[in-house]
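Chemist: Sequences and hints are given; from them, build the entire structure.
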Amino acid sequence: MKLHFGSERWNQAAAFALRYEVFVKEQHISIEDEFDKLDTPDRKYFVLYEGREVVGTLRYELAEEGIVQPDRLCVQEDYRRKGMGSKLMKALEDKAIAEGCTTSTLSAEISVVPFYEKLGYEKKSGTYLEDNILCVKMSKELPVSTEG
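Sequence positions in the sequence shown follow my numbering and run 101 to 248.
Rather than coming from a laboratory, the hints here were simulated on the basis of the structure.
Every value quoted in this text rests on a predicted model; they were computed, and no experiment measured them.
Glycine is no exception: its CB is placed at the ideal position from the N, C-alpha and C atoms.
Hints are not guaranteed to be accurate.
The following label-pair restraints were derived from C-beta to C-beta distances [what the hints assert, rightly or not]:
no. : residue 1 : residue 2 : range
1   : 165       : 133       : 25 to 31 Å
2   : 136       : 225       : 33 to 39 Å
3   : 126       : 213       : 15 to 21 Å
4   : 143       : 232       : 22 to 28 Å
Listed below are the simulated BS3-like cross-link pairs for lysine-lysine, each with C-alpha atoms no more than 30 Å apart in a straight line [stated by the list, open to error]:
no. : residue 1 : residue 2
5   : 144       : 125
6   : 102       : 187
7   : 137       : 195
8   : 218       : 102
Modeler: This is the structure in structure tokens:
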């Protein structure tokens, strides 16, 4: 298993291919909604590989100073419930902490709220529709970096 973080075209293509498979084909999100203005040529993505297989991906942005906002987390169907999503979230949180972030906030589909709760996230809103999927806002306080 190899985790890569970068904006190389091949890494972006891998992230996009998996997102297309999971969000557009499986969940029926429109392609226009899935691939939005945040998918810029210089955007870096976390992508988890098993050999040549794309296992999972995660995109994020800084919502505001000190607040990281993970999104577009998805894992290939054959690898779900095997810790891949947790591995991606840990990599993101470690990077965010090292960069001085103190909070992680996200929009979670109702079906994956228990996954995020296991990672320490708490619901912060009632339900709402995002891309025709029922979601809630969730957040987590991140530990302060001890690195110099």
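Chemist: Now look at each hint and say whether the structure bears it out.
Modeler: To see whether the hints hold, each was checked on the structure:
| no. | hint | in the structure |
| --- | --- | --- |
| 1 | 165 with 133: 25 to 31 Å | 27 Å, holds |
| 2 | 136 with 225: 33 to 39 Å | 21 Å, violated |
| 3 | 126 with 213: 15 to 21 Å | 18 Å, holds |
| 4 | 143 with 232: 22 to 28 Å | 24 Å, holds |
| 5 | 144 with 125 | 23 Å, holds |
| 6 | 102 with 187 | 11 Å, holds |
| 7 | 137 with 195 | 23 Å, holds |
| 8 | 218 with 102 | 23 Å, holds |
Consistency note: the structure conflicts with earlier hint 2 alone.
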